[in-house]
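Trainee: Sequence:
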Amino acid sequence: MFVRKKDSTSDGVSMHSVASDLWRYEENTKRLRHVTSDLCLQKKANEPQRLVLRTCSTSDLQRWTFQRRQPLTFL
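Residue numbers are given in UniProt numbering: position 3 of the sequence shown equals residue 3, and the series is strictly consecutive.
Just so you know, these hints were derived from the structure itself, not from any lab. Quick caveat, the model's predicted, so the values are computed rather than measured. Just so it is clear, CB atoms sit at the ideal spot from N, CA and C, and this is done for glycine as well. Treat the hints with care, as some may be off.
[Stated by the list, open to error] List time: in silico EDC-like cross-link candidates among lysine to aspartate or glutamate, alpha-carbon distance up to 16 Å:
{"id": "1", "residue 1": "Lys43", "residue 2": "Asp60"}
{"id": "2", "residue 1": "Lys44", "residue 2": "Asp60"}
{"id": "3", "residue 1": "Lys30", "residue 2": "Asp60"}
[Unchecked claim] Okay, the calculated beta carbon distance ranges per label pair:
{"id": "4", "residue 1": "Phe74", "residue 2": "Asp38", "range": "35 to 41 Å"}
{"id": "5", "residue 1": "Arg50", "residue 2": "Lys30", "range": "15 to 21 Å"}
{"id": "6", "residue 1": "Asn28", "residue 2": "Pro71", "range": "36 to 42 Å"}
{"id": "7", "residue 1": "Arg50", "residue 2": "Thr73", "range": "34 to 40 Å"}
{"id": "8", "residue 1": "Arg69", "residue 2": "Thr36", "range": "25 to 31 Å"}
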C-alpha cells in the first residue's frame, strides 16, 4: 500500500508490515490510526482511490468499514 505522508512532496511511502507500521482500527469512530505517527488513513476527496495520512478528524473520508467473510474451507 502506498500512502502520502502529510505535507510530503514525494509520490508516497511504502508501508510494510513491520512493528513501526502498525495500525489500530477504532471501532467506535471507524478510523484506521497509524500507531507510530498517530495519524489517520484518509481517502483523498478528489481522488478516492488514493490514500493519505492526515490528522485524525470526524471526516467521512477517514471512515472505514469491513465485512466479515466466510472462513476458508479446506477440502
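Trainee: Against which earlier hints does the structure fall short, listed by number upward?
Mentor: 6
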